[in-house]
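> Chains A and B are the protein sequences, given in the same order.
In case it helps, the numbering used here puts the first sequence at residues 30 to 333.
In case it helps, the numbering used here puts the second sequence at residues 30 to 333.
Within a straight-line C-alpha distance of at most 25 Å, the following computed SDA-like cross-link-like pairs (lysine to any residue) qualify: (1) A/K169 x B/E135; (2) A/K205 x A/L232; (3) B/K261 x B/F283; (4) A/K169 x B/I134; (5) B/K205 x B/R144; (6) B/K261 x B/A330.
Just so you know, these hints were derived from the structure itself, not from any lab.
Number of protein chains: 2
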Amino acid sequence: MISVLSGGVGAARLLRALSGEIAPGEINAIVNVGDDLVLHGLTICPDLDTITYTLAGLNNEVLGWGLNGESWRVMEELEALGGASWFRLGDRDLATHLYRSQRIIEGATKTDVTRELCERHGVGVRVLPATNDEIATVFKTEVGRLSFQDYFVRHHYDVKVESITIQGAATASVTKETLDALRNSARIVIAPSNPLISIDPILQLGEIKDILMERREDVIAVSPIINGAALKGPADRLMRDLGYDATCVGVADFYEGLIGSFVIDERDASSASAISSRGIDVHVTTTIMQDPLDAKRLAQAVLT
Amino acid sequence: MISVLSGGVGAARLLRALSGEIAPGEINAIVNVGDDLVLHGLTICPDLDTITYTLAGLNNEVLGWGLNGESWRVMEELEALGGASWFRLGDRDLATHLYRSQRIIEGATKTDVTRELCERHGVGVRVLPATNDEIATVFKTEVGRLSFQDYFVRHHYDVKVESITIQGAATASVTKETLDALRNSARIVIAPSNPLISIDPILQLGEIKDILMERREDVIAVSPIINGAALKGPADRLMRDLGYDATCVGVADFYEGLIGSFVIDERDASSASAISSRGIDVHVTTTIMQDPLDAKRLAQAVLT
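Kindly generate the complete structure, drawing on both the sequences and the hints.
Right, dumping it as C-alpha cells:
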C-alpha cells in the first residue's frame, strides 16, 4: 500500500498513472483541504474534486479543472443577477457541491462524502481529506490578507506574498483514515504539487510531519519545479517570495528531514549532486506527465 | 398605497392583476416566509420567489412553479450522485438561491436580497418578507412531525394533520419595511392564499394581528376556497383537519375580527348572508383568475 500527499492537478495525474501500475485499492490519496471554501452556502473542496474527477476520467482536459461535458447555465444566470460569479462553478460540478453540502448538514464528514462520491464515480483509489476540520490557507500580501481563492482566482496569484498561514492547522485533527493510511503504507509519496500551499497544509496537521520524519527513508517526493519554473500555478513565484530557491533544490530544501528520495526532471539533472549532498537519494526522469507514457514512467520511478 | 398579505401562486396572480390597476410602486406584498428552508446549504424562499418571478413575467406557467425556460442539468447530476433531489431546483432557479445564500453570508437580510432581486428583474411592486428572522411552519401529523417541505413536497400533503405550529413566530420581529407598509396602506388585502399555512405565519408575527384588528374596516380578504374546494394545494383538507368548515364561510370564521370585507366567488353566492351575519361586508365576483379578464375583475373588486 502507498499513500500520496496530494494537491490538485499534478497529484491527480500522478495518482491516475499510479493506478495503472498497482491496484487502485492499494493507493491512498491524502488530500489538501486548505483551499476549501464556503461560497453561496456551498462547501467546495477543489483538490478533493480535482482528484476524484480525474480518477473517474471525468475531468475537463480543456479547462484543466472541473468536469468534462460541463455547462454553465447557473453561472450565466447568477452573473445576470449580479451575483458573485468570479469562482466558476459548472452545472455538473454544482451537483457535487450541493450533494456534499447537504450531506455535511446531515452530519456527514468530508471523509464520508468523498467516499460516497468516489463510490458513485467508480473511483478505486481511497481519496482521503487530510482532516475533517476546517483549515484555511491565508496569504499576507502586498495588498493585504487574502483567502486562498481571493489570492488564486481573483488576483490570479499576481501579488507579492509575505507569508502564508494555515489557519486552524494547529488544532485540526488528522482523520483516523489518514493516519492509518500513512502508518500502513510501505511508501509515502509527496506528489508534484505546490509545496507551500498544497503540501504544507497537510504537513502542518497534527502528527503528519512526525510520521514523515520517522519514516523518512520510505518518503519520496516529486519536484513540481522543473528548470526553475512551475508547470502550473504560482509555486516558483511563491518559493522566491518566501525565500526559497525556485528550483528543484529549493523544493528539496523545503522537504529536508522529511524525505529519503527525490524525483527531479531530466532538465534538472545537473542539480542531482546538490540534492544528494543533503543526504537525499535522487532519481532523474521525465516528470512532466504530458502524455500517458511519461506519466507511466514517473509512476514507475516513484514505485521502484 | 395598499398592502397584500401573500402566500405563493394565488397571491402572485392577484398582485400581478393589481399592478395592472394601480402603480406597482403603490403595492406592497407582505410575504410568508414560513416555508423557507435551507437545503444543500442554500437558503430557499419559495413564496418570495414565486411572487418575484410572477411579477417579473418569468414564472413557469406549465409547471405552476419556478422559472420559465428552465433546465435541470444540476438536478439530473445530483440525482445521478444519489443526492437529495426530491425538492426540484432548476438551473435558473438555483442561481437565485446561490445569489441569496451568498448575500446572506455577507450580512444581507432577506429584505435586502428580495429588493435586489426585484431590481434586477424590474419588479416595481415592493416585495417584502414579513420577517427577516427564521420561522418554520411545522406539522404534527398522523405520521409524526413534518417540516413544511416534508409535508408539502415529500408527502404531497396526503397525511392527516393534527396541528400546525409556526416555530419562532412568537419571538421573530416584523421588519420595519413591513410595519411601515401596513401602517401607511389605505387598504390591507389578504390574498387568496392558504389561510393556515400561508397567511397565518404572517398573522402570528409580532404586532401584525393587532394592526389588522385595529384597522379591520380597511382589511379585505379574498376566499381561497370556492365551492368547498381549494383551487390549488391542501387548504380545504387542512381546514377540515383543523376543525374549520372547508368553505368560504370557514375562511371568514378563521379571519373573524381581522377583516371588514370578504370577497367570495359567484358559486358561493348563497353563503353571502352567513358571512354578512358575522358583521363582514361581502363582495361576490369571479375569484378564479383563470384568464386576465377575471383577474382584472377580482383586482378591481379588491380595490373598490
